[in-house]
Amino acid sequence: MSAKEMALNTPMLNELESGDWPSFVTDLKAYSKKRPVVAQLLNQLEESYQTKWNYWQGKIINAPGYGGGIIARGSDKSDKYPGLANFHTVRVIEPPGWVYSTDALRDLADIAEKNGAGILQFHGMSGDVLLLGFDDAGSLQCAEDLMNNGWDIGGSGAAMRTLQCCVGQARCEMACYDTMKMTKHLTDTFIHYLHRPEFVYKFKFKLSGCPNDCANSIVRSDMPIIGTWRGAMQVDQKKVAEFIDQKGMEYLIDNVLTRCPTRCLSVRGKELVVDNSDCVRCMHCINVMHKALKPGKDRGATILVGGKRTLKIGDTMGAVLIPFIKLETDEDRDNFTDFVEKVWEFWNDNGMDHERIGEFIYRIGMLTFLKGVEIEPDPRMINRPRTTSYIKFEELGPSRFDGERQQNPPVWNRESEGRETM
Amino acid sequence: MSAKEMALNTPMLNELESGDWPSFVTDLKAYSKKRPVVAQLLNQLEESYQTKWNYWQGKIINAPGYGGGIIARGSDKSDKYPGLANFHTVRVIEPPGWVYSTDALRDLADIAEKNGAGILQFHGMSGDVLLLGFDDAGSLQCAEDLMNNGWDIGGSGAAMRTLQCCVGQARCEMACYDTMKMTKHLTDTFIHYLHRPEFVYKFKFKLSGCPNDCANSIVRSDMPIIGTWRGAMQVDQKKVAEFIDQKGMEYLIDNVLTRCPTRCLSVRGKELVVDNSDCVRCMHCINVMHKALKPGKDRGATILVGGKRTLKIGDTMGAVLIPFIKLETDEDRDNFTDFVEKVWEFWNDNGMDHERIGEFIYRIGMLTFLKGVEIEPDPRMINRPRTTSYIKFEELGPSRFDGERQQNPPVWNRESEGRETM
Amino acid sequence: MSQTTLAPRDQGAPDYTKYLHPLMAKNYGKWDYHERLRPGVLVHVGESGDKLYTVRAGSPRTMSADTVRKVCAIADKYCEGFLRFTSRSNIEFLVGKKENLDPLIQAVEKELGWPLGGTGPSVSNISHTQGWLHCNLPGSDAAGSVKALMDDLIEDFKNEQLPNRVHISSSCCQINCASHGDISIIVQHHHAPRINHKNMQICELPKVVAICPAAAIRPATINGMETVEVVEEKCMYCGACHGQCPSMEIRDAQTDTLSIWVGGKMSNARSAPTFMKLAVWGIPNNPPRWPEVSAAVKTILKAYKEGGKPWERLGEWIERIGWQRFFEKTGFPFTRYHIDDSPEALSTLNRSAMLRL
Amino acid sequence: MSQTTLAPRDQGAPDYTKYLHPLMAKNYGKWDYHERLRPGVLVHVGESGDKLYTVRAGSPRTMSADTVRKVCAIADKYCEGFLRFTSRSNIEFLVGKKENLDPLIQAVEKELGWPLGGTGPSVSNISHTQGWLHCNLPGSDAAGSVKALMDDLIEDFKNEQLPNRVHISSSCCQINCASHGDISIIVQHHHAPRINHKNMQICELPKVVAICPAAAIRPATINGMETVEVVEEKCMYCGACHGQCPSMEIRDAQTDTLSIWVGGKMSNARSAPTFMKLAVWGIPNNPPRWPEVSAAVKTILKAYKEGGKPWERLGEWIERIGWQRFFEKTGFPFTRYHIDDSPEALSTLNRSAMLRL
Ligand code: SRM
Ligand code: SRM
Ligand code: SRM
Ligand code: SRM
Ligand code: SF4
Ligand code: SF4
Ligand code: SF4
Ligand code: SF4
Ligand code: SF4
Ligand code: SF4
Ligand code: SF4
Ligand code: SF4
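Protein sequence lines, in the order shown, are assigned to chains E, F, C and Z. Just so we're aligned, residue 1 is where the first sequence starts under our numbering, counting upward by one. Just so we're aligned, residue 423 is where the second sequence starts under our numbering, counting upward by one. Just so we're aligned, residue 845 is where the third sequence starts under our numbering, counting upward by one. Just so we're aligned, residue 1202 is where the fourth sequence starts under our numbering, counting upward by one.
Keep in mind that a hint or two might mislead.
Unchecked claim - Below, computed lysine-lysine pairings styled on DSS-like, alpha-carbon distance capped at 30 Å:
1. F:K624 x F:K661
2. Z:K1227 x Z:K1299
3. Z:K1435 x Z:K1399
4. Z:K1252 x E:K294
5. E:K59 x Z:K1399
6. E:K270 x E:K326
7. C:K942 x C:K895
8. E:K291 x Z:K1227
9. E:K29 x Z:K1510
10. E:K291 x E:K326
11. C:K895 x F:K669
12. F:K661 x C:K941
13. Z:K1399 x E:K52
14. Z:K1227 x F:K692
Stated by the list, open to error - Pairwise CB distance ranges, derived in the manner of DEER restraints:
15. F:D667 x C:P866: 31 to 39 Å
16. Z:T1422 x E:D79: 33 to 41 Å
17. E:D245 x C:K1146: 40 to 48 Å
Said to hold, decoys possible - A few chain Z residues that face chain E, going by a derived Cβ cut-off under 10 Å, partial list only:
18. Y1220
19. C1280
20. L1284
21. K1298
22. P1316
23. L1334
24. L1338
25. P1339
26. C1373
27. H1392
28. Q1445
What the hints contain is simulated information worked out from the structure, not anything from laboratory work. All C-beta atoms in this analysis are idealised placements derived from N, C-alpha and C, irrespective of residue type, glycine included.
Please work from the sequences and hints to get the whole structure.
Structure, rendered in structure tokens:
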């Protein structure tokens, strides 16, 4: 890496040194003494601040045998900032739940510094540790160093992406399954798909231990896995009474009973009565009274499908695919990974280029998708049944065609000519 | 009318003579002695019951100078049932609120019997009185008789249709404006449009005195007019206390307080506290406690647009167009009819053949519609602001194009080629 | 016979003020409250203290001139000669003098044979259409099927034993001239239209092409005739073309069926108006008494009666207990057709982890 | 330098069990409850009675290797050498011994200069992206704008004075790599992409045509060059093409603006997850401190703080009081752009007579 010394000239960035929030500018300015390329980085950033313009161009580089994980960038202004001619980011698969020993962290710092700019981000929005500022050779060396020390490179491109999960059972009383174990299991089982982009487009898993969804899975992952339970929740009536004594009955009414979405909570004396058959596992009452209430004992997860953020069809949330699945034993986990492969096969066989699974379902319809992945319709998959009476019942008409989308063309899309692409 | 005597042969229809609900079969069988064509009608109906097939064909006939109001039908089996060769229905504009003197009713019965089959329906789903069973000449004579006696023919075809309204102030304490007067005013003002189909398609008004919407306007009319009020509702605290004494506090909580959609009701002692700024005028509390509560004193109506039933795009409800309008004085009413003409002009100038105004708005977008009818956007028109960040701000970009639909093409309709038809 | 006097007479709506019962006229806009004295009997009290009694009875909607006259005779005797009909085709006798109430009820029930009811939390009269009696499009009957169903539901018309009002509608084709309802019965077709190419010339071709909501119809030349053809993959069996063009026949006596929809609600009370949702489909179109329809409607009403809380409309009850439970309680199968699969319906999918387990 | 040893080593996720604080390992899956001792400090109590303290501090996410080492030194001293980061890039020091709590807090606040907070009903750290620091697509910065905004919101980070948690996100282009949020800041473009036809040949043409969600791009031959053109009427300025093809430039330093969206909520607590909704648009992209963004966010937080009830998330508060009132209280203008005008959005119109008057 060419890292010629360069004086810092960052008047606008310097305005980001005041204020009480920690300043990456102050940090990087100091650090630029050690890694001079960082001064070039800051100076280019300053220029962006001045011009409101960006100077990075995308590039491509891969470690041999891998198809992703290095986000290659080079500066438009490499004549001015030669150290930024190649300034790649290496994505590193994080420890599930983002737990670290200081040894592990120091190891990452050393690797980041050795061949790169020594800038780390904890964490990227997909969960990876990001190590910034490697040139081509440095990137490969960094990858090698990571591997040698037991780390692995994260995902990019049309591949399974690096997974992320909430802290779960490691430090949360709400967790309904072992998010960390499951994250490691999925990562390891499918590591081939993570390293070699073979899908029509990216595919993300995110795992939350309960419906509080601290991993923010529902709108950020193609397959959100959200912990939940069957049957009755656990109620410790002694602690309910304590709660009432402490907080008062009005607090209970205003903040618990009337906030239950299905109003299935009531109180008799100081006893909480839960109509478990109406509880939709929203977590609210448990959140408020987490000493007295707990998820039930028969635990597992709800599998959703199709979440993603804005690009192309606008933000889209995952939809219920499997209302409840156990994820406790190896067998449970294997059943699930088998199912995932079936989903992938159907999607990749029929999806178009750059088509996320949520967009795919949007195009072909949920019914065709369910059929493709061999799942029976369940009323819990919907908020309400259909309201439009134009239906083509295969059972009642002659079976001339196949594929439901064909059977039930969108009612109001006169212009749907091009839609039946599948 | 050829009304040759014909023996009744209606074994299946006869099964509709048992049971406690009044039987039109029994009625018409008896009546067929007087008007023999009715026997033919019943025999054909019996045949439909046997074969599950229908034998009516559409025809066209108009009174001179009129373009609708007579629904002409002839039987496929007129060789067998000669009296049904022409068997038209004459639609008669009903008295607003469907109120009658017996004189008026007898007059209709006489007219129905004189030249037709003597069968009446109170009322058609659009509100008209329906008189059945006229041949061509009889239809015209019927129209003449109606006119002579002060009645007028109802709507059909691509015209303003016969209006209908709830009983309103004539017998309901909830009514927030004079539905009957308004119905008569609109009918009379626009009678030209009712009798001469000049629109791209039908247009219906329905008027309800309050948000209970007993005229079922919201899904059945192109312009639902629903009574409402501004400011505080009327509360008679003495009667509130009586209500509580009679029904109990629990009844109040379970059936009033917790059923208010915005939870803006509470109780202090036996006094009801209404947070009027949060009341969405749903009527529920007033319905339950209608002796104690009443709509506020500053009354008027909400104007919606675009309701209709299933055909083509599926059921569609009216959407808020004017949150509040006074409808008390002649001036109020004239302002409103002026506005209606503006709406019609925009719709008829730009609508396609057979395109209801709801379908038109669906096609061009609400924003273009609002601009076309010169109404400013209001947050009460929506349930929530947009969630998709793809917007074309005219103010911020170069104003190269006009018409918002062009500006903001539907995000996810890649196949929208044919949609920008306007 | 016909006279040319017709044309210029745009007379408009009848002068309703002449048809108002005297107590209506006097208390117009000044009503204070009402009470339900018994099912089918209301009293509206004016600010003046005046009391107007209303006796609501189930009418068959379709009636002979003689029956109308019978009704008038009764109204003359007990109602100062005034009455009205409701938006659901019930009849309302308006009674100014309390002493006329009992004799009127007697007359209505005995002389006319029309049942009192339809008020408050009852099953009211069924909104319906023409059917085989007069329309050119029906796949089933209207007045007859309603008569059969009301026979079976009459106890719920005569009594106020439901959580809230139940409004039922019944339509004889997919156009659905009848209004929405807590329960709606609808005809459904299962073929694309059959085209009678010979007749086709008489129609204005572009109209039927333009009307098809699925863009399934296209002009075609068959045996040298200008006609149209239907792209069967696209057709959704809606029958819009059939309404425009008698040469495009959508009905089929062998395969047409009925389906039942629930949870339509048009009032704004408590919750916003909502559309009806598919409950059960594939019900045979079975004249003269359609017993399968009655059975399904009764199943729904029974579950609602047992489970609904006061003031909860049918759809509101289902929303509270969840659709899963609705299907459990009614025993209707949940099928893939219950899933709204149009791109616009993305929001009908359960996009949350909120579910009953 | 690079070695070919890489390829076969699909090592997968690190063995997290080695990185668990001993109390985490011991109480794994057996936690009983937690308490917030003060903003930024949690204690989780195991069924065993064990207590694990967590000190949460705001991290800048982007840090130098030296800063990482500083963090490690502190964790070695007070945390048995274990710590973690959160899904919002906060840092969490894990403390097994209560006596280490105060000295640790001292060290974090003084030595690192990182503020404690982000727990309970506070404004947590802002989810953000790369911006001008590394991405090729940004219209604005990320880490810098977040630093500026958090400076202004720090009291709400350090204190738990809001009705419920507030999660903010900030994205530097329309792709929105940052997560949803109670408050989201987004860059918006106001032109169709400008095409550099000279460079275009390097791209795989069909890809960029296929990617355009508005079908606005079509192949074209310009001056004999195989290139593409954009149908401006159709283009919705999303930038999807720009992400695929550097020759299609969507950004414009002169006209790009920021908009603020509210009411995104991903948890299932009480109400189902909901998308963020447009609050205010046309905010200048104003480095280095984006004061207009701060002002707007503070306006929203102030109104929420005053009006929200305990446990009500920002979007839930707005839903309760109604959007009309939200615009009144914040003073943001309600414009036509707030109306979702796509055919799919028919249900976002108020199709009821329920409104505040
Ligand atoms: C680094 C990161 C932002 C950050 O600072 O944290 C990031 C940065 C980029 N994202 Fe992202 N995305 C990052 C998380 C996300 C997320 C959040 C998540 O994964 O939870 C999303 C939204 C969730 C989703 O997937 O829908 C996201 C949605 C996108 C998209 C749109 C994908 C879509 O179909 O909607 C693109 C564009 C594309 O794929 O063509 C994209 C593309 C990009 C690219 C590769 C730009 C490009 O197309 O060349 C950016 C590279 C920046 C750089 O130079 O490093 N990024 N991107 C995040 C990855 C770090 C990590 O590995 O941990
Ligand atoms: C008679 C009546 C049903 C009844 O028994 O009550 C009726 C009967 C017919 N309707 Fe209707 N509609 C009747 C009220 C309705 C209603 C209800 C309403 O007005 O509140 C609707 C739904 C509301 C709406 O307008 O959306 C309705 C929606 C339709 C439609 C679909 C219109 C649409 O755009 O969705 C058609 C078909 C068309 O217009 O092409 C239609 C067409 C027809 C035709 C004219 C069939 C045809 O196209 O040739 C039927 C004539 C039957 C006959 O032989 O008399 N009828 N029609 C109702 C009119 C009586 C009256 O004047 O009072
Ligand atoms: C007579 C009639 C108006 C008319 O001009 O004809 C009418 C009259 C009354 N309605 Fe209605 N409604 C009438 C059709 C409707 C309709 C339209 C329909 O059925 O197609 C609706 C909307 C239906 C829907 O939501 O789908 C309707 C929804 C209501 C509601 C709201 C109920 C709810 O909780 O959702 C009330 C309030 C109540 O029940 O207290 C109401 C209340 C009333 C009151 C109590 C108003 C009053 O103070 O007088 C009247 C009836 C007393 C009773 O117990 O039945 N009326 N009412 C209609 C009688 C129809 C019938 O014969 O059954
Ligand atoms: C540490 C973290 C998980 C992790 O693995 O990193 C976490 C940890 C906890 N979350 Fe969370 N949540 C974390 C991100 C989230 C996210 C995701 C996000 O912010 O992007 C969400 C969903 C956000 C959304 O809805 O948009 C989230 C929604 C919740 C909720 C639901 C709040 C609500 O009422 O809607 C709870 C329940 C509560 O507050 O009692 C919760 C509760 C908790 C508890 C109390 C769980 C427990 O018993 O330990 C933990 C925090 C104590 C506290 O007061 O902060 N956590 N939590 C994440 C900390 C982020 C941060 O630094 O601020
Ligand atoms: S998602 Fe549930 S289990 Fe996971 S950290 Fe949040 S509250 Fe705990
Ligand atoms: S978890 Fe949610 S739905 Fe279940 S009882 Fe508690 S508050 Fe109600
Ligand atoms: S809509 Fe309102 S005013 Fe009209 S009858 Fe019904 S309750 Fe009375
Ligand atoms: S009318 Fe409806 S919204 Fe208003 S206070 Fe009564 S119940 Fe609440
Ligand atoms: S629903 Fe159909 S068949 Fe029945 S009257 Fe209306 S148009 Fe005719
Ligand atoms: S039935 Fe409907 S979809 Fe089919 S061709 Fe006719 S109009 Fe088109
Ligand atoms: S939001 Fe856009 S500009 Fe920012 S990191 Fe993601 S892709 Fe790059
Ligand atoms: S900005 Fe978006 S809509 Fe416009 S051409 Fe590019 S991809 Fe298509």
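Tested hints:
no.: 1; hint: F:K624 x F:K661; verdict: violated (46 Å)
no.: 2; hint: Z:K1227 x Z:K1299; verdict: holds (17 Å)
no.: 3; hint: Z:K1435 x Z:K1399; verdict: holds (24 Å)
no.: 4; hint: Z:K1252 x E:K294; verdict: holds (19 Å)
no.: 5; hint: E:K59 x Z:K1399; verdict: holds (18 Å)
no.: 6; hint: E:K270 x E:K326; verdict: violated (34 Å)
no.: 7; hint: C:K942 x C:K895; verdict: holds (8 Å)
no.: 8; hint: E:K291 x Z:K1227; verdict: holds (20 Å)
no.: 9; hint: E:K29 x Z:K1510; verdict: violated (44 Å)
no.: 10; hint: E:K291 x E:K326; verdict: holds (25 Å)
no.: 11; hint: C:K895 x F:K669; verdict: holds (24 Å)
no.: 12; hint: F:K661 x C:K941; verdict: holds (27 Å)
no.: 13; hint: Z:K1399 x E:K52; verdict: holds (25 Å)
no.: 14; hint: Z:K1227 x F:K692; verdict: violated (57 Å)
no.: 15; hint: F:D667 x C:P866: 31 to 39 Å; verdict: holds (35 Å)
no.: 16; hint: Z:T1422 x E:D79: 33 to 41 Å; verdict: holds (34 Å)
no.: 17; hint: E:D245 x C:K1146: 40 to 48 Å; verdict: holds (44 Å)
no.: 18; hint: Y1220; verdict: holds (4 Å)
no.: 19; hint: C1280; verdict: holds (8 Å)
no.: 20; hint: L1284; verdict: holds (6 Å)
no.: 21; hint: K1298; verdict: violated (16 Å)
no.: 22; hint: P1316; verdict: holds (6 Å)
no.: 23; hint: L1334; verdict: holds (6 Å)
no.: 24; hint: L1338; verdict: holds (8 Å)
no.: 25; hint: P1339; verdict: holds (5 Å)
no.: 26; hint: C1373; verdict: holds (9 Å)
no.: 27; hint: H1392; verdict: violated (15 Å)
no.: 28; hint: Q1445; verdict: holds (8 Å)
The structure does not agree with the numbered hints 1, 6, 9, 14, 21, 27 stated previously, though it agrees with the rest.
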